[in-house]
Amino acid sequence: MQIITVIGGGASGLIAAIYAARNNNKVVILEKRNICGKKILVTGNGKCNFWNEDQNISHYHSTTIANLYKINTIKNRKEILSFFDKLGIIPYIKNGYYYPYSKEATTIRKVLLEEIKKLKIEIKNDFKVDKIIKKENLFYINPEKENFKTDKVILATGSLAYYNDIDANIGYDIAKSFGHNIIKPLPALVQLTAAEEFLSDWRGARSDVMLSLYSNNKKIKEETGEILLTDYGISGICVFNISSIATRLLDEGRSVSVEINFIPWYKGDDFISWLDNRTKKVKNMPIEIVLEGFLNSKIVNTILKIVKVAKNENWKELTLEKKKKIANLIYKFNLKIVSTKTFKEAQVCSGGVKLDEIIPETMESKKEKGLYIIGEILDVDGDCGGYNLSFAFISGMLAGKSAGEFHD
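Quick note: the sequence shown uses the numbering used here, first residue 1, plus one each step.
Hints may be right or wrong, so weigh each one.
With a Cα cut of at most 25 Å, we get these calculated DMTMM-like pairs of lysine to aspartate or glutamate [what the hints assert, rightly or not]:
id: 1; residue 1: K47; residue 2: D208
id: 2; residue 1: K367; residue 2: D356
id: 3; residue 1: K135; residue 2: E368
id: 4; residue 1: K134; residue 2: E361
id: 5; residue 1: K298; residue 2: E226
id: 6; residue 1: K221; residue 2: D231
id: 7; residue 1: K118; residue 2: D85
id: 8; residue 1: K117; residue 2: E405
id: 9; residue 1: K131; residue 2: D356
id: 10; residue 1: K267; residue 2: E226
id: 11; residue 1: K145; residue 2: D167
id: 12; residue 1: K281; residue 2: E292
id: 13; residue 1: K38; residue 2: D167
id: 14; residue 1: K26; residue 2: E361
Calculated from the structure, these hints are not laboratory results.
Predicted, not measured: the structure shown is a model, and the values here were computed from it.
Please build the complete structure, drawing on both the sequences and the hints.
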């Protein structure tokens, strides 16, 4: 029997521990918090969106994305879904998004911890790992203090996102101590900030939009969905899904902007004529009322303020120049992005341990035999919709299965 130690009791760490223990190994989880699986409880707004049936790799981001094809395989996807089915989880599926049917994140955490208990996996909470060294095929955890010995280590410490702990870098530091290279971690699935004076005017407004990310006047990515306009910039799922790319571009010193189309339902090519016809139907109504027929009032007020048009003016009395400005702000609202919110507001990180330094079929380090690296600490981040948990589960499963195999 070998000893396998999992550093971190989050989503990937719990799955890894379960798979490793199923092969008759002694498994220990070292978790620096007072409970395991804490972050699972806040996923999916407390409902735990743990999977998405659309596992196209385009929903993931990495500097070595080709390696992800060998990890996120059809076979591995089926095994994870079977894993949760055998733990008693019946999924509630909405538009391809998987939730436990209870719609409570605590359900996922409970079934994982119950399996941990059945397998007699030891959990050491409030255990802070500072250093790991290797001597004569054994790993020594905190050699100057506890000097905990183990045959194999599964590194599942998570990223800098969400908790923003002082010692949140420890996973990266341990990986570097074994020769790994780290792609600079940056906030992802995070709000984008701007610096315009009008931001307080549209604060709290929501709208279904088409959102396009631009850098140096080149369109990089396009998303559709609900946007939340704030006094610092923009938020919402479609914003989160471009944030991983935006934050990387900003860090490289490149210009970043977004174009907001507040009327994605309009498919014509002459919006001014459409507004002309609209005002003929809605006779003698001030411009404010006409626009509020299809736009949030705060968005209307912001646009009119930018163009310097009074709310009670009539559309047909405006100059062509002002009509063009209003139309452009409705379907081509350009907003310069200056930064993102911090790691504390971010749901995940982009960047981390380079994926091409990991054996994709096993998640074992190419730098150090017996060391496995999984989950958020790796240079992989996904869109909103269950993708980050999907990767955590798959990588945890692969590492646990591989580490759990014992060879003389």
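Starting from K38, check that the Cα of D167 is at most 25 Å away, please.
Holds - the C-alpha atoms of D167 and K38 are around 17 Å apart, at most 25 Å.
What's the verdict on K221 and D231, does the C-alpha distance respect the 25 Å limit or exceed it?
Answer holds: K221 to D231 is near 24 Å, not above 25 Å.
Holds or violated: K135 with E368, Cα cutoff 25 Å?
Holds - the C-alpha atoms of E368 and K135 are around 12 Å apart, at most 25 Å.
Pairwise hint evaluation, D167 against K145, where the allowed Cα distance is 25 Å at most
OK: K145 and D167 at ~17 Å, within 25 Å.
Straight-line Cα separation of K131 and D356 no greater than 25 Å?
24 Å, holds
Mind checking the alpha carbons of K367 and D356 for me, to see if they're no more than 25 Å apart?
11 Å, holds
Are the Cα atoms of K281 and E292 separated by 25 Å or less?
14 Å, holds
Straight-line Cα separation of K298 and E226 no greater than 25 Å?
Status holds; Cα separation ~15 Å.
Given pair status - E361, K26, alpha carbons within 25 Å:
Within the cut-off at roughly 23 Å; holds.
CA of K118 to CA of D85, is that 25 Å or under?
Holds. K118 to D85 sits at ~17 Å (cutoff 25 Å).
K117 and E405: Cα distance at most 25 Å?
21 Å, holds
Does K267 pair with E226 here, judged by a C-alpha cut-off of 25 Å?
The hint holds at about 19 Å.
When each numbered hint is compared with the structure, no violation occurs for any of them.
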